Amino acid sequence: MSDSHAAHGHADAPGNNSPFFQHHFVTMTQQASAAKLGMWLFLVQEVLFFSGLFMFYIIFRYLHPDTMLWASEHLLDKTMGGINTVVLLFSSVTMALAVRAGQVGNKQHQVTYLAITIVCACIFLCVKYVEYSHKFHMGALPGHFYSYAGNIPGEPQTFFALYFCLTGLHGIHVIAGIIALLWLMKRSARGDFGPTYYAPLELTGLYWHLVDLVWIFLFPLLYLIH
Amino acid sequence: MQTFSPVLIGSGGFWMPPQASTFAPNTDALFHFILWLCAIFFAGLMGATAYFGWKYKKRSDADRTSPIRGNHKLEIVWSVIPGLLLLVIFGWGFAGYREMIVAPPNAINMHITGQKWSWTMTYPNGGEDGNRLVVPINEPVKLTMSSIDVIHSFFVPAFRVKRDVIPNRYTTIWFQATELGSYPIYCTEYCGDRHSEMIGHVDVVTREEYETYLRGLAGCSEGDDLVACGERQFQRLGCGACHSVVPGQRIVGPSLAQVFGHEVSLTDGTTLTADEDYLRQSIMDPNSQIVEGFAPQMPTFAGRLDGVNLAAVIEYIKSLQ
Amino acid sequence: MASIAETHTGPHDGGHHESYLTAKRGIASWLTTVDHKRIGVMYLASILFFFFVGGVAALLVRTELLNPGKDLVEHAVYNQLFTLHGAIMVFLFIVPSIPASLGNIVLPLMLGAKDVAFPKMNLASYYFYVVGAILFILTIVLGGLDTGWTFYAPYSTTTSTSVISATFGAFVLGFSSIFTGINFLVTIHKMRAPGMTWDRMPLMVWALYATSLIQVLATPVIAITLLLLICERTFGIGIFDPALGGDPVLFQHFFWFYSHPVVYVMILPGFGVISELVTVHSRKGIFGYMAIAISSVAIAFIGFLVWGHHMFVAGESSLAATVFSFLTFAVAVPTAIKVFSWIATMYGGSIRYTTPMYYVFVFLFLFSIGGLTGLFLGALAVDVQMHDTYFVVAHFHYVMMGGTFIAFLGGLFHWWPKFTGKMYDERLGKLSAVLVFIGFNVTFFTQFVLGSRGMPRRYYTYQPQFHTLHEISTIGSYILTAGLLVALVTFIKSLKSGEKATANPWNGMTLEWHTESPPIEHNFAEQPICRRGPYDFPEIDESAAGARH
Amino acid sequence: MAAHSDPHYDGLGHHISPVRVYWLVFAALLVFTGLTYAVSFAKLGPASLPVAMLVACIKATLVCTFFMHLKYDERFNLLVFVSSLFFMAVFFGFTMLDVASRALVDPIEGYGVYEQYNPPAAPAEAAPAEAAPAADEAPAAGH
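Residue numbers (the numbering used here), protein chains in the order written: chain A, 577 to 802; chain B, 852 to 1172; chain C, 38 to 586; chain D, 834 to 976.
Don't read these hints as lab results, they were simulated from the structure. Some clues are possibly wrong.
[As the list claims (entries may be wrong)] So the derived list for chain D, only partly shown, Cβ under 10 Å to chain B, looks like this:
hint : residue
1    : S850
2    : R853
3    : D906
4    : V946
5    : Y947
Here the structure is a predicted model, which means the values were calculated and not measured. Beta carbons: idealized from backbone N, C-alpha and C, even for Gly.
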């Protein structure tokens, strides 16, 4: 689907004069759509990566529904989960607005929205920290480290292994997101992004929305079990 | 190791081992059907390749080649026909498989336990034997199998049966032996160092021999000759897989010959004379006293060996001088 | 010679275009290159090195099996040798073999592009490969690995060998595979030469497209499986190990969901190479272009539905086994179509007996046997007898080594003049093909008989009745090694003293033959425009109704 | 490609959604989050999981179409994303096909049957439980 033909069409296509135009592409539009397709393929790989843990969830819920019900009700805090969901949704909106600011070339908005997104991500991690420390304190840990006093029917240590795997892997992705957002903020502040070149903003936005998507499914599956 | 005498009863031909169960004829028939089908296709393909390779060899630079780039009719034909043949193979394969998974209700029930590098067979009367499965001829036998450490796989080539033996779960197979004789049992799922020596054998015998064998298997009672009964327990629990009865020959564990009454030095540096308590302790809780130069690999036999059987095994070990 | 694409100026315009090999000098220029051709050459060197390491392990295994009992090494060392052979050959050689080496070199050239879509990611892919490889070498040093390349739990979660470094190595290699996959997919979608529609792409590009689909969709599942295995060994989470409440058959589902599609990652590029070689060397348009192109993608898709045929006797429910057996036969049809089409392509051709064409014949012979023996393993009743015996070992060596590796060698000989700029000694090349053919069949056909007679897999010692067959197989492996060494000598001799290759030694029509050998750094002096299909050779007599006079 | 000056398209002709669309979608997401919360308290019994999943899917589609621009982008990106869901479903479906039908032919092969015949030794406080003693009594089932 390459657009313009011979080499002479280089100069006048939109964005071709931008310093970030890679010269093995013919036009900036081609570069942008290639970058986006590449990112979507990366997101496909992330979906399949999380699918392994969701498979673990399905099997565990199929085999030990009682453990899950009991442990989720007694040891997982619904309000904390709810706060985290709202925080992540809000960070998703501000991320999308940051991308929009990039499209219109408003540097100031980009920086502020990115800052809010990073703050929200940090709030999410703090809430997670509180939840984890509560569980560490109670001894509700995975596998060998499980030493929770109360007796939970079935295999509680495996449930907490599942909980820590799911939320832990999601947390790692949030941290990776924060690092990417900080790098983005630096570049936004430098004024790299404009109407013809905002691919990094958009790609990090797609990644962040996927992290939010995973949490949208994690929240009901782990916290709201009946 | 049990050498397998190639008794050519109902031979499986060049490809397959001898047929000794009700499944064998059907499995072999399907195998040979696929074999001949593939041979014909393969001959056709290679024939065409060789012929084209020779006929359309480059003769000169002025060669002109055919403009053919496809032929929908031919392409449909060579998709549909193989498809139908494949369906036939699938159907036949499934028919044979369906026989193998549903055990007849009147089958004799036995239990197989796989552990690292030996099989333990538990017979209907509770008697046990190591690496030796005795089954009556022409009677269905159902094996309920489980493992106590890693995955093994119970495979009797002559019966055309195979099923993985999984820890913490039961898997079952059944067969009906049709030929007398002794057939090897292999472990076909990799299970560690001695995976290749985890070999047992199935003895297909007449009903009477089977009955007498069962009676002989019952545990030791007070009156029996303890040493002989101890040797049978030693055999059934597969102790021989790791401990040899020949003085000084080391397999995985130390040799048990000339142990009783002699000095034994342990890994923690202490030395003691091997008396009955030491033997009992080593069987019940092997990791508490490990002979110098050996690794703590022996599983505990608490719950599997007690009372008269334990006393019999100790007597047997005492007799090994 | 009316070529497929006219370039605006003659092919030998301004001399300032240096070949990509000599444009920049020094190690640093190689280690920090983002040129797809250099990355392809670096991949080629690395995977050939690991093919050598895996091959030595194979030779030790075969020598040990010469006689029952101890020939060379103890039980434990033998177990580590066959595990090493399996893991290195799968993760470090055959998965990246054609896509990462030949694919990297040839794909942008075939598309008429300057480079792959994400050059820096391409280099990152190579460095992930290097890190993964170092972790594997670390595994050997840290006490080896004796779980088999399949890492089945609970053995892998309880053994004392260094499973964690091996699984982490395979996890890192997964990234290398995913990055190559993403790169190729985007390059094929977005960077084709003007005029190159989907039905004018060379079939090698279709094959790499289908391969990349699988790489992107399947590799993450093995990544999470290996991570869970590492967590199980360290934290004791109870997912796979039954002692902790897990289910080992669940591990096999996780593992084979990746490992069956990955065997199509291995063979599909081989199909692509064979499609290219058959057409160019018999000077004929491919027979049934759309059928072969679509069957590549069909195999990639159906490949995801059949993984259960590895677990027929592994405690899988009989309902699932039946469903998987049925779908397994569905995947056999597109593969059969390909083999028939290649042979039909030779009809009415003008076959040049070059080394690549020799390897095409070897491929057709060996892969046909490999494919057909898959039918035995797909039928439930016969698989109960054949599973985990040498029949399976022979089957997958026929399709993996006989299929992918032979196609890889054929492709290497075919494009060698293009990316090294040097021809090779045809006589030596053909000798290597003949020796490999004989050695391969002697080694592995005997293993079919061994397997059907009940010889189990991964056995250190075996019963006496299998002795003669093992001897024949071991001797065969030496002949095979000789053939491979002859091929190695051919390449080394060509590098040292091969004469200069022309831009188009085989008169191919695809775009990579429209630039110098070795190509300039940006591949094409002028952007080529694709006017016609990839296989419109001048020898084809459009007027003739197929009859060749 | 639309004219460059049109406020609804950026320099490369990609769509720019007005700001209020984002806040509208955000409001909808909050409403649905509240809905999932409410669903968990309402005693729906077995139906609670499907309903929760449905609501989560709606929220996910909202995020995908508006925030991730799938609505305005090339159709192929949508196909790519949907195919990932399809292959995830294949993975779940075939694995559960096996796991759910283990005891179909012979109940003794089902989950948890082994534990009935070999109850783990008394849950030891410190040392992990002894290896479950091998079933020395022939299991009753299967007769």
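Cross-check of the supplied hints:
1. A cut of 10 Å between beta carbons decides the hint on S850(D): the least distance to chain B is about 48 Å, and the hint is violated.
2. Here the hint on R853(D) is broken, as its CB sits about 55 Å from the closest CB of chain B, past 10 Å.
3. Taking 10 Å as the C-beta cut-off, the interface hint given for D906(D) is violated, the closest approach to chain B being about 36 Å.
4. With a cut of 10 Å, the hint placing V946(D) at the interface with chain B holds, because the nearest CB-to-CB distance is about 6 Å.
5. This hint holds: Y947(D) has a C-beta 5 Å from the nearest C-beta of chain B, less than the 10 Å allowed.
Hints 1, 2, 3 from the list above are not met by this structure, while the remaining hints are.
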